[in-house]
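So the chains spell out like this:
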Amino acid sequence: MSNIAGKAYAMNVITPIRWYTAWLNKLIFWVALQRPATLKGLITLSLIHYARWVIIGRDQFPHVHPSQPRETLKYSYMLFFSNFNGSWDQYVDSFTFAIPSGLDMFWKWNVRYSKSVSLTPFHKYIRYNQLDTLHYYNAYPLATSNDVKSARIVKAKLLDFDSATRDASDDDFAKQYRTLLRDLQHDLGDMYPTPIVSMSAYQVERRQRWHEGQLDGSKH
Amino acid sequence: MTYQLDLLDIQGNVLRAYGRFRYPAARYVFFNIRDGAKGRAFVAALTRRVTTAVQWGEGPDKLPPPEWTLNVAFNYQGLKELDLPRESLIGFSPEFVAGMKDRKDILGDDGPSAPEHWDPIWQHNRETREHDVHIFVSINGLMPLPKDAKPAAVQAAVNDAKARVEAGYRWLLEQVAAQQGGVALLGGHRGDNGELLDYQDVQAVLENGVPTSKEHFGYTDGIGDPVFEGVPYDAERINGRGKQLANGQWAPLAAGEFLLGHTDEALEYPPAPSPLLLARNGTYMIYRKLHENVGTFERYLDEHGQRYPGGKELLAAKFVGRWRDNGAPIVKAWDDASKARFDADYKAADGHGKDQLLSNFTYDEDMSGGRCPFSAHIRRINPRASLEFTRDEQDPAKVCGAFSVSEGAFDTPGALANRRRVLRRGLPYGTVKDRSRDDGNHGIIIMMLNADINRQFEFVQQQWINYGNDFKAGNDKEILLGNHSQSEHFPSKAVLQVDPASDDAPYILPRLPRFVETRGGEYFFVPSLTALRMIAAGTVDPT
Amino acid sequence: MGNLSGNAYALTVLSPIKPGIIADEQIAYADKVRSILQGWNGLPNSPMTAVPQTYLCRYFVLDNVYTESQPGGSAPDTLNDWLPVVPDWLRRAAMPAHDQLKSRYLVFSANVYVGPSGDIAPYLRGMWQAIRKEVESIWQYCYGFDEVKDADGFAAYIQRCALPASLFFVGSNDEPLPEQLKALYIKQQFARFAVDNQGLPTATLRQNFQAFMKQIAPHELATPTWEPGKYRLP
Ligand code: HEM
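Protein chains in written order, with the working numbering: chain A, 1 to 220; chain B, 1 to 543; chain C, 1 to 234.
Excised from the complex, chain A in its bound form (with noise of 0.2 Å):
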């Protein structure tokens, strides 16, 4: 298994909802895209990449092929996928720090959810309900979400400052470029490979692999 790539985490949870209550998470999922403030958390956190919430009716399980039997479930399932920085603690902590209504309001009306405070039931429930990844691929392992965002802003910033200063004097250039990296004064920070979060061997394994150059061949 391999839940980490680079500066990702890749979190799956699966969890039972009745399936009579189902519209009641849709609608709350509705509710929350029509009203962004409810992300607010979610958007101060800044944490992730993307992530997702899929309700699996009881009768909706993909059904391909006549051979295929059908399944027969009690429950509905709610699907949670999220891609962010940091380790599993931190992450699950975070949330359960800030934003733990807005937690509960997700989870709420899954069958016997154990609220996000205290900790340690909360804990429980998401270790018990996660699924492990066995292959995760992450198309920028050395940059965060923040990274992500800041990088947008430098580069329309940097080509606009390159744009206004063309026939700038000496001294407005050198204004503008004070400006520019006062603008940018959140948006400078390093891109190295992350702080170790995982000691399993395949981890430990491949940081040797990195410190040797062999991850992309990139020798040097």
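Rather than coming from a laboratory, the hints here were simulated on the basis of the structure. Please note: incorrect hints may appear among the correct ones.
[Claimed, not checked] BS3-like, lysine-lysine: derived pairs with alpha carbons at most 30 Å apart:
#: 1; chain 1: C; residue 1: Lys-102; chain 2: A; residue 2: Lys-108
#: 2; chain 1: A; residue 1: Lys-175; chain 2: B; residue 2: Lys-150
#: 3; chain 1: A; residue 1: Lys-175; chain 2: B; residue 2: Lys-339
#: 4; chain 1: B; residue 1: Lys-150; chain 2: B; residue 2: Lys-433
#: 5; chain 1: C; residue 1: Lys-102; chain 2: A; residue 2: Lys-74
#: 6; chain 1: B; residue 1: Lys-398; chain 2: A; residue 2: Lys-175
#: 7; chain 1: B; residue 1: Lys-312; chain 2: A; residue 2: Lys-124
#: 8; chain 1: C; residue 1: Lys-32; chain 2: A; residue 2: Lys-74
#: 9; chain 1: A; residue 1: Lys-175; chain 2: C; residue 2: Lys-133
#: 10; chain 1: A; residue 1: Lys-157; chain 2: B; residue 2: Lys-150
[Claimed, not checked] Using C-beta positions, here's what the derived DEER-type ranges look like:
#: 11; chain 1: C; residue 1: Arg-192; chain 2: B; residue 2: Ala-152; range: 41 to 47 Å
#: 12; chain 1: B; residue 1: Gln-249; chain 2: A; residue 2: Asp-170; range: 49 to 55 Å
#: 13; chain 1: C; residue 1: Glu-25; chain 2: B; residue 2: Thr-128; range: 41 to 47 Å
#: 14; chain 1: B; residue 1: Glu-195; chain 2: C; residue 2: Lys-214; range: 56 to 62 Å
The C-beta atom is built at its ideal place from N, Cα and C for all residues, glycine as well.
Given the coordinates of chain A, assemble chains B and C with the ligand onto it according to the supplied hints.
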């Protein structure tokens, strides 16, 4: 009802930073248990002399402060050698079981901080049974009130404090001798001249013989320290040290953040070994010997102090978030004028007023870091409520290097900081003989106490000191402590932000060297007095 | 539709795996799929690097659904506390029941750029074209996959296995992947430039800046840039 702690059941070093209570010198001693029964007898002897957290003074529930304090802790191997039942042992946290050396990758103890450079006692720990550290004992000496304020009198008082440490140490050696080989003292602490000593001495840095609250880089230390429920002598110290609430007030943190067997900020008991009597009123302690590269620090500060527009002292303040001379927080004193105002207020204030000037502040007025940079020591280690922040603009055309409070985004403004706090104990060690050199033996013995090593200390060390994503700083590390890169190819840097409304450019500290290196350490468990007595009697029984 | 947020698309695929056994390896199809996917971790990089516009994606095998939950404390439980007449069987009836899937599923979940059309099919055709061999090596064990013969067939098959998302949260952005990678490259380079040029006289700074802009070629997406999936900087 106000929260009550059983002060006589809690070890004194958990609730008190002794340095603040006129104990300017201390000695830390480590032991190897050769025989379980004799080890327990040794613990029994020490327990009778252990300093508790009882209030000091006169009155029915009070006791006079001891001439020397004594406190005891064990690492995992030690508890095993004392024959704690396996069922109790497996209840301790995995990182405590593994020990500090094993956690080096998590802590960033690499390069010059790697275990092969640690003091011999720490290098040899957890390698062979005979050299394993098992027991930690600390002795702090009380300084009598000097006859007058003249340096000679103060010096004499400091010497008395040291003599009391010696007295405590002699007593300790008698207890060792009484066990006839059942307990062995472990030497191997590097001393000032490279010699190996049987103990680690620490003491306040002296100026003209007078103890100060300075550390070897010249900063005023020992101000910030969490305040939590039920500590009677901290009642006046909550503002700036507790947790910051949405209404701008401060409240003490939950006791369970620092003591096992008490409810924590998540309204539950922190994970702890069983039985409850073993865990309750105990806590985990992180012991670290941190060497300060004074020469490197001085050179780097000189070089950049000349280029940095605010000058050398402001630059030094930016590293930590406090001015070196009196500890003024830069959020309150960010330039010459505001510093002059602060100094005048400080001079005029009484003891409590001074303390509040130093400790009672937030980052609310400095969300962009123009005063206290995001990579400064105290902002990284205790960001207070400043992580509830956001850039209101995603449109590049409007982005201007400013952040603002993301009001109401979190359950409570300090949500991301309140469960990452650590109590801070310890003192500087060694003397700096030549400020142009790194070698020698000088630094800080830092001891941090918390209920969950992984959630509190290790998280801060890994995510906030050696990494910067929570501060939107990518891999940029905390300036003073970061394990800055040794590689040409991936040099470390830090950005000193400026006021977004100014015409200035941020100053970038390039190619940061390592100012601080790890020279050893271990994770310990500090039991309550009840637990000590049970350990000594061999009656810990989770069945 | 919940799968789309701007130009980004949340693809969630559950392909049912047939119950067969590979006799000479003593391995069930689903476990074979698992072991092939694990094998990808040992390659210098993921095969998915070759699939255009993939931000992040993952594969796993769903063996069954899980129902860990709170031990007690449901509504009948609380009633039982207040009213001793609530029988114990009623209280226990609220505890979660065991559910059993009849097939195991290969789960493929991807976050990709699809552009304004909002159509996932072009992405899937691109995937087939880029890594057909790898795709077949795992999906061959799934029901109905034998009928897939070409890129269109693959796109159609995957869409039959796909489930709609109720909520898709884009915390980074929805630009095309090459744009994101180029921007990251520029960010890293500019941070270096800012360090190296701090405090230089304006004329020199200006000269260096021009050279810098030339070197990073901000409008060239193809190069210089970060390659997808790169763990190590040039
Ligand atoms: C040689 C190493 C170190 C030096 C020179 C140093 C120096 C300082 C100084 C000068 C202050 C400001 C004064 C004050 O607020 O008390 C401070 C505060 C602090 N330091 Fe350190 N420190 C060192 C290592 C550490 C380590 C390893 C940690 C923990 C991971 C730590 C945790 C703290 C905390 C919690 C504060 C108080 C922050 C606040 O509450 O605002 N320090 N340190």
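Using the C-beta atoms of Gln-249/B and Asp-170/A, is the stated range 49 to 55 Å upheld?
holds, 52 Å
41 to 47 Å as the expected CB spacing between Ala-152/B and Arg-192/C, which holds or is violated:
For Arg-192/C and Ala-152/B the Cβ distance comes to about 56 Å; the hint is violated.
Taking only the CA atoms, is the gap from Lys-150/B to Lys-433/B under or equal to 30 Å?
holds, 25 Å
Do the alpha carbons of Lys-398/B and Lys-175/A lie within 30 Å of each other, as the hint requires?
holds, 18 Å
Beta-carbon spacing of Glu-25/C to Thr-128/B - inside the hinted bounds 41 to 47 Å or not
Once the Cβ atoms are compared, 45 Å apart, the range 41 to 47 Å for Thr-128/B and Glu-25/C holds.
Check whether the Cα positions of Lys-312/B and Lys-124/A lie no farther apart than 30 Å.
violated, 51 Å
Does Lys-74/A lie within 30 Å of Lys-32/C when you go C-alpha to C-alpha?
OK: Lys-32/C and Lys-74/A at ~29 Å, within 30 Å.
Taking 30 Å as the top limit, are the C-alpha atoms of Lys-175/A and Lys-150/B close enough?
Outside the cut-off at roughly 55 Å; violated.
Has the given pair, Lys-175/A with Lys-133/C, been kept, meaning a C-alpha gap of at most 30 Å?
violated, 56 Å
56 to 62 Å as the expected CB spacing between Lys-214/C and Glu-195/B, which holds or is violated:
Given a distance of about 59 Å, which is inside 56 to 62 Å, the answer is holds.
Mind checking the alpha carbons of Lys-157/A and Lys-150/B for me, to see if they're no more than 30 Å apart?
Violated: Lys-157/A and Lys-150/B sit about 61 Å apart, past 30 Å.
So if I understand the rule, the pair passes when the alpha-carbon distance is 30 Å or less; does Lys-102/C with Lys-108/A pass?
holds, 28 Å
Hint check: violations occur at hints 2, 7, 9, 10, 11; the rest are consistent with the structure.
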